[in-house]
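**Student:** Chains as they are written, first to last, in this note's numbering: chain A, 1 to 468; chain B, 1 to 65.
Hints in this document: simulated from the structure, not taken from any laboratory.
Since we're looking at a predicted model, the values are computed, not measured.
Hints are not guaranteed to be accurate.
[To be verified] Subject to a maximum C-alpha distance of 20 Å in a straight line, what follows is the list of computed EDC-like cross-link-like pairs (lysine to aspartate or glutamate): (1) 367/A / 284/A; (2) 40/B / 272/A; (3) 367/A / 50/B.
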Amino acid sequence: MNSQHAPPTLAEASRLIAAGDLSPVELTEAALARAAGLNDRLAAFIEITPDRARAAARRAEADITGGRRRGPLHGIPYGLKDIYDAKGLRTTAHSRLLLDNIAAEDAETTARLEAAGMVLIGKLATHEFATGGPAFDLPFPPARNPWNTAHFTGWSSSGSGAAVAAGILPLAMGSDTGGSIRLPAAYCGTVGLKPTYGRVSRRGVVPLCYSLDTCGPLTWTVEDAALALQVLAGHDPRDPGSADLPVPDYRSTLRQGVVGLRIGYARRFSEDAGVGAEQQAALDAAAQLLQKLGATVVEVALPPNDHFQAVARTISPAESFAIHQDDLRKRPEMYARVTRERLMLGGFVTAAQYVQAQRLRRILTAKVASLFEECDALLTAVIPGPAPLLAETDDGPWRKTQPISSAFNATGQPALALPCGFAANGLPLSAQIVGRAFNEEIVLRVAHAYEQAAGWTSRRPALATLPA
Amino acid sequence: MPTPEDSEFAAAVRRAGLAIPAERWEAMRDAYFSMQALLKVLDDPLTYADEPAVLPDLAPRRGRR
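Full structure from sequences and hints, please.
**Tutor:** Below, the structure written as structure tokens:
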């Protein structure tokens, strides 16, 4: 491997391994070296697991050379946000409350990635219990943005975004309750896929909010997200929120392009959420490019953002408080200040507010679903960007702004964040493609067509091309 | 003399069974009222037929084709 260049994507590594041109052991050693070499600057990992990784890589290499290749992900490194269980490893959720929490079994998602032959490199930083940070009063520091380490990585799948953007890992698992896959993707310039609620199992993943939590991948490209979802998606009878629906072949439709598709551009929705002129221009250019590629792009109106926010900011804190109330009352000092205060807000939600939010949620879900009777996908922003300075990130108990992303946690539809340009300060800007429930293949197809034509993936942070 | 807002927030803290340090009281009080302001939209009238979502209504629907 030439360490002067960015490491291969999931799809590139897969092709090289299949052709016998890349050794899983070499690839794993390179990932371990990058992880160790960059972690002082990025704080992406809570724990790096070299012994386990080397043993898995050796097994993968022996299997592949022996003609027992399990599939396209065999022998390729990955990482887990540290709320995912991996048998025998700690799951800390970035909290001192869980410092001694050793997982007795794999999360369903971990088990699927392991069965696919992937090589776990380590557990990745989050914000405590997957709430939005950053916090500086925890046993582990917050992750930093590889494009500029003075800047925020976005919400809680922070180590996942940093590790993928820095070229340490081609795949890192995240979780998304209000945007925590898509915001690190947006701020770190990666792809982040929040699948439909119910598409990917949450069993073995530390919960934040039962009815909003969604597990999914962060990757460098849309094709990589499709490859990962192929393994991750599917019914889990031990997850009560899991949908028992067939899983399509995501790769077979990925390259079908957008000719004939109708894309609803929720321009006003982004504008109303505070997207600035620079990012709005990038989104307009994305809409124009999709039109040039053969899609019909029409402006659509989503319900007011404050309705989505009222739903998300009632349900999420209320459910989180239910999970944490005992610790918040008995040992509040164990949490970081920002986590404690944000979780405590959930204790102020009344039963009537919670029920009203669930009623409004159903109305909003139906309204968004009705847009898909006229459109195949929606285009909007993820969050007003680019990434703020870490030192200037809102760490108050009440976030002054809520990202656009949380609208689609409230409604459950699949949504993917991907780069749509760069700000004047060199940081990535991001767009969001949203699809019908359980129609991730259209989301991936639209995003792939845009990504290939726009070419933003060729630009990586300088850190990603440094020698390991 | 506490204002009605002070009393409302103090009652909410008691009902939740929480202890908030004095130096964070004002920040939490502001957060509480910011949250209540956003949640005002939940007071808009709904019909009897508008039932809660137990989980998101994600029954696969036919698209436009």
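**Student:** Against each hint, give a clear statement of whether it holds in the structure.
**Tutor:** Evaluation of the provided hints:
| no. | hint | verdict |
| --- | --- | --- |
| 1 | 367/A / 284/A | violated, 24 Å |
| 2 | 40/B / 272/A | holds, 19 Å |
| 3 | 367/A / 50/B | holds, 13 Å |
When held up to the earlier numbered hints, the structure conflicts with hint 1 and nothing else.
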